[in-house]
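Engineer: Each chain is listed here by its residues.
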Amino acid sequence: MLELSDLHARVTPEDGPPRDIIKGLSLDVPAGEVHAIMGPNGSGKSTLSYILAGKHGYEVTGGAARFDGEDLLALEPEERAARGLFLSFQYPSEIAGVPVMTFVRAAMNAQRKTRGEAEVSAPEFLKLSRAAAAKLRIPEDMLRRPLNVGFSGGEKKRIEIYQMLMLRPRFMILDETDSGLDIDALKVVAEGVNELRAPDRAMLVITHYQRLLDYIRPDRVHVLSGGRIVRSGGPDLALALEKSGYDSIADGA
Amino acid sequence: MRLEDLPSRRHEAWKWSDLRAAVSDRAEMLNGAGPVGPEGPVAALAQAMGDGYGPVAVDIAASGDTLENRFTEGDAGSYGSITVRSGVTANLIERISVSGSRLRPWLPAYTRIEIEPGASLRRIIFQDNRLSNGQADEAVVLNEAVVRMGHGATYQQFVLAEGARFSRFETSVSVEGEGAVVQLAAVYMASAKRHVDLTSRVSHLEPGATVRQVVKGAVRRGGRSVFQGKFLVSKQAQKTDAEMAHNVLLLEEGAEVFAKPELEIYADDVACAHGNTAGQLDENAIFYLRQRGLQEAEARAMITRSFLIEAIPDWMGRELHDEIERRIDSWLGARA
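Quick mapping for you: the protein sequence lines, in order, are chains A and B.
Residues 1 to 253 in this note's numbering are what the first sequence lists, from first letter to last.
Residues 1001 to 1336 in this note's numbering are what the second sequence lists, from first letter to last.
Treat the hints as calculated values from the structure; they're not laboratory data.
Even glycine gets a Cβ: it sits at the ideal position worked out from N, Cα and C.
Do not rely on the hints blindly, as some may be mistaken.
Said to hold, decoys possible - Label-pair ranges, simulated between beta-carbon atoms:
#1 B:G1275 <-> A:V149: 18 to 24 angstroms
#2 A:G16 <-> B:D1005: 52 to 58 angstroms
#3 A:V149 <-> B:E1264: 32 to 38 angstroms
#4 A:Y91 <-> B:A1013: 41 to 47 angstroms
#5 A:T102 <-> B:E1243: 27 to 33 angstroms
#6 B:Q1280 <-> A:R217: 41 to 47 angstroms
#7 B:E1068 <-> A:L126: 35 to 41 angstroms
Stated by the list, open to error - Quick look at which bits of chain A chain B covers, simulated, 3 or more residues with Cβ under 8 angstroms:
#8 52-59
#9 74-83
#10 95-102
#11 105-116
What the hints assert, rightly or not - With the C-beta cut set under 7 angstroms, the calculated list includes, among others, these residues of chain B facing chain A:
#12 N1284
#13 Q1295
#14 S1306
#15 I1309
Pulled out of the complex, with its shape left as it was, chain B reads as follows (with noise of 0.2 angstroms):
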C-alpha cells in the first residue's frame, strides 16, 4: 500500500478527516500492508497489522457471552469476522487505550459481525488518552465495524472516544430483516490536537426497524470532532421508525466541528427525524451553580457532564455506566 492508496479529503466520505495527510509523516507503516480492496482501507491497514490477533472468526452460539478485545500495545491490528447465532444475545467490549511505549502507534480494526434473525448483540468502545508520555497525541485509531442483521435482530452499540492524532469510528449497519432495533450511541470528548469522527450508516433494506442514535460531544480549544450520519431508507422499508440527534458543546474558542446529518428516504410510510446542534454551555445555568457556591470551572464541569452522560443508554449495566462517568470526569478534570 502507497500513502496515495489512502482516502483524502478529496473523497467525499474522508472530507474532514483527511487520513492521508495525517500519516503523511510515517507513511513506511504501509509498505507491510496490501493493497486496498473492496473492504477499504481500514481493513486492509487491520489485516497487514492484525500480528497475533488476526484474521479471526468468532462464533457466539450461547447466550451471555462477553467477547473483549483490548488494543493497547502498538500497533496493534485486528481484522475479524462476528457471528450471533439465532436467538443469541452477546456483548462485545472493545477497549483502545494506547499505553504501550511504541511511538505514533497505529491501531486499526476491522470487523465484520452478522446478527442473525432473533439475536442481539450490545458492542461497546472504550478509548481513551490517559498517557504518560504523549502517544495519544500521535496515535491513529482506526475502528471500522460493517454490521449484517436479519429478521428481528437487535444492534446497540455505544462508542466513548477521547481521541487521537487521528481517530475514526466508522459503523455501517444494513437491516437485512424485518422488525430491527439499532440502538447507536456515543460521547466524545475531544481535546487540543485530538480528531474524533464518527461515521455511521444506517441501510434500511426492510420493513419496520426501529433506529435510535444519540451521539453527544465536548471540544475544547485546538480540538476537532466530526459527526457523519445517514439514514437510508430504502423503497420497500416501509414503516421505518429512525431518529438521529447529535449535539455538541463547544466549550472554548478555537473548538472545531464538522457535522453532516443525512436521510435518504425512498419509502412514502416512514416517520425519520434527525438533530442537530452545536452549542456553549448555559451561561443561566453556571451562574445558578456559581450562585450556590461552585467555583466556575466546577460549574462549566457539572454542566458538562450533565449534558453528555445523557448519551450514556439505559442498557448500559451499572458497573459500565460508572466507569463512563469516571472517564468523562477525569476527562473533565483535566485542564488541557
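Isolated chain A (complex conformation) (with noise of 0.2 angstroms):
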C-alpha cells in the first residue's frame, strides 16, 4: 500500500541552512498492517510523517514514495487526504471560531469534493459523530467548541482519532500520539484507531515509547535512527528496545 525506497529527504527551517534528516529510508507497509516505526529524539520520526503528509518546507532529494501505485511525492497535502492518508498530528493546531463539528463536517466534504462524491447529509453526519464521540468518550459539548483551542494535549489528541474515526482514512500515521495521554485515555484511543484496522487499510505508528505498541499490537516494528532503518522485527523488538534503549540497537546495525 506505501512503499517507500531509498528516500532521502531535507528541512529547510525558516532561519537556518537546510539539514538532511532522511539519508536512505526504504519501507513497505501492505494493506492489512500495523507498522510500528521507533527511534530516539532527532532520528527523524516526524520528518518522515511531514514528508508523506505533505508538508511545506520537507524537502525530498532522492528516492520514492509510492501510495497504492501512484507518486505520492507529486500530490498536494490535500490531494493525499482525499485518497485516504490521514496524519494525527503530534501538535495539532488551534483553529478559533470553528466548531470542531463543523471543521470535521467541511473537511469530509472537502474531500469527498476531490472524489467526486456527494455531500454528507446532516443526519448522516450526525449518526456518524454521535457513534465516535460515544467511543472516545468526547462529550457532546466539546464538539461544539472551537478546534483545539483550550484543549488540553490529551484532549487534542483524542480530538485528533475522533477526526479519524470520522474521515475513515485508508492509510494513517499516527505522530507520538501517546504523548500527553494518561494510561485510561491511551486505551481509550488505541480502542479508537483499533476500530479502523481492516485488510484494505494500514497504518504507520511513530512512537518513543513502547507502551502505546501494548494497546496497538503492531504487525511490525522498524527501529529509526540517523534517517535510516536500522533494524526490523516482529513485535517482540518493541520490548527488547524498551528493556536495552536505544543505543544498543543502533550501535548494532
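Join the two chains into one complex using the hints; note that each chain is given alone, in its own frame.
Structural biologist: If you want it as C-alpha cells, here you go:
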C-alpha cells in the first residue's frame, strides 16, 4: 500500500540552512498491516510523517514514495488526504471560531468533493459523529467548541482520533499519539484506532515509547536512527528496545 | 473650503492618510463647504454635504432605543449630536454602504456624543464595499465621533470596515467622570485599491477607567491600512486600566500596513499596555487544514476568518454577530 524506496529528504528551517534528515529510508507497509516506527529523538520520525503528508519546507532529494502505486510526492497535501492518507499530528493546530463538528464536516465534504462524491447529509453526519464521540468518550459539548482552542494535550489527541474515525482514512500515520495521554485515555484512543484496522487499511505508528504498542499491536516494528531504518522485526523488537535502549540497536546496525 | 484646507501627509495625524491627495481630482465638491472650524475638516464636510440628514440633535432618554443611520446614496453627509441621558442604555448603528448611482461619492459623518453619568451606548458601524459598479473604489468615507463620558458611563464601539478609495474612522473619547468603561473593537479588511484608517484617542481625565481596545485586520495585495491608537492618561487619572491591541495579517506580498500605538501617561498608579503585530498566516495551521482535505485557498480563508472574528466583542448580539461573520466570509470568498 505504501512503498518507500531509498528516500532522502532535507528540511529547510525558516531561520537556518537546509539539513539532511532522511538518508536512504526504505519501507513497505502492505494493506492490512500496522507498522511501528520507533527511534530516539532527532532520528527523523516526525520528518518522515511530514514528508508523507506533504508539508511545505520538507524537500525530498532522492528516492520514491508510492501510495497504491501512485507517486505520492507529486500530490498536494489535500490530494493525499482525499486519497485516504491521514496524519494524526503530534501538535495539532488551534483554530479559533470553528467548532470541531463544523470543521470535520467541512473536511469531510472537501475530501468527498475532490473524490467526486456527494456531500454528507446532516443526519448521516450526526449519526457518525455520535458514534465516534461515544467510542472515544468525548462529551458532545466539546465538539461544539472551537477546534483545539484551550484543549489539553490529551483532549487534542482524542479529537485527532475523533477526526480519524469520522474521515475513515485508508492509511493512517499516528505521530507520537501517546504523548500527553494518561493510561486510561491511552486505552480509549487505542480502541478508536483499532476500530479502523481492516484488510484494506494500513497504519504507521510513530512513537518513542513502547507503551502505545501494548494497545495497538503492530505487525512489524522498525527502528529509525540517523535517517535510516537500522533494524526491523516483529512486535518483540519493541520490547527488546524498551529493555536495552536505542543505543544498543543503533550500534548493532 | 479649498483643497489646501484639507489635511495632507504633512499633518502628523494624517501622515499615512493623505486626504488632500486622495481627493485632489474632485476638489469641485469642496465649493459648497464652509471654512474648516475648530471641529476640523470632517465636521465641515459633513455639515456641507448633510442635506436631508442634519444637522440633527438626538436626545435618547429611554433605554433600549436603537438609532439607525444609513448612508447609502452619495453624497450623504451627517452632522449631528447624540446625548444619552443619565442611566439610559442605547444603541447606535451606522450603515455605510455605497450602492447609489453617484460616481465618486463622498460620505462624511461627524457625530458628537455625550454619555451622561451611568448611561451606556453601544455604537456599531458597518462599512462595506459590495458594489456592482466599482464606486467603492472611488468613494471617500469619513467618519468621526467625539465622545464625552460622565461618571460610571459605558461606551462600546465596534467598527467593521472594508475600506474605500479613502476611508477613515476616527474616534476621540474623553473620560470626564470616574470609573468609565470604554471598549473599542474593530475588524477591517482591505483589498486592492482600498484604504482603511482607524484612528482613536482615549483621553483619561478622571480616575478608575477601564479601557479595552482590540483591532484586527487583514490586508491583501494593493490594500493599505492605518492604525493610530493613543491613550492619554492625565495626572489625576489614577487606577486607569487600559489595554490596546492591534493585530493585522498581511495576506499577500504588496499589502501595506502603518501602525502607531501610543501611550502617554502622566499618572503613576495605572496599568496600561499595548501590543501591535503584523504577520502572515501560520503555515503550520494551513498545513493542518490541508492535511484534513481542505484546499489551500479554503484553509487560508478559514484561518483568516478565525483570526478576525476574535475581535468581535462578546456584547454583540447573535444577529449582528452572524451578519459580521457573513461579511467576513463574503470578503474572504471574493478573490481580489
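Engineer: Would you list, in rising numerical order, the hints stated earlier that this structure does not obey?
Structural biologist: Every hint satisfied by this model.
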